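Note that the sequence shown covers residues 69 to 226 in this note's numbering.
These are calculated hints, taken from the structure and not from any lab test.
Quick caveat, the model's predicted, so the values are computed rather than measured.
Computed list of lysine to any residue pairs in SDA-like fashion (alpha-carbon distance at most 20 Å, straight line):
#, residue 1, residue 2
1, LYS100, ALA89
2, LYS206, GLY127
3, LYS206, ARG186
4, LYS132, GLU160
5, LYS98, ALA170
6, LYS206, ARG137
7, LYS100, GLN172
8, LYS100, ALA226
9, LYS206, GLN119
10, LYS132, VAL147
11, LYS206, PHE188
12, LYS98, LEU174
13, LYS132, LEU204
14, LYS206, ALA138
15, LYS100, ASP81
16, LYS206, PRO88
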Amino acid sequence: MLLSACGAAPVADASFGSLPAALATLQSLKDKPPRATGTWDLPKVLIHAAQSVEYSLAGFPQPKAAWFRATVGPAAFAVFSARGRMSHSLSEPIPGAPDIAAGQALDAAVDRLVASLRAFDGHTGALAPHFAYGALDKPDYLRAHLMHLANHWQEMAA
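Full structure from sequences and hints, please.
Structure below.
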């Protein structure tokens, strides 16, 4: 695919530019959480991100059509990767994922996301196809997870 030849820009938000940076950012939330300015509160955002990471290991509950995952999805990921940032609806759940209630405990949400990222990092087996982007290798999947977090962070204020 031509778009994949564009190369990848660094993830636009340095707080999520690497797995160690993301883990440090997430751990800092327990002491100084930002205020969510969007539709979802911070714990809901974190649990949503954890679901995405978990599904990359176990499989997404409701993937888009195969033709989408073979055409539009990879093209969108290539554009996001070339820009170093993604954009998506920040209040749209993962298709088929259980609803996430607002008002959950922040520490538990942080712990779940950190645990899912560590499990992803230590995973040596096959990864499940992304529900929209299709098959991704581990570096691209990590990049997708980091860009996903950075995109949601646009609705956080100090």
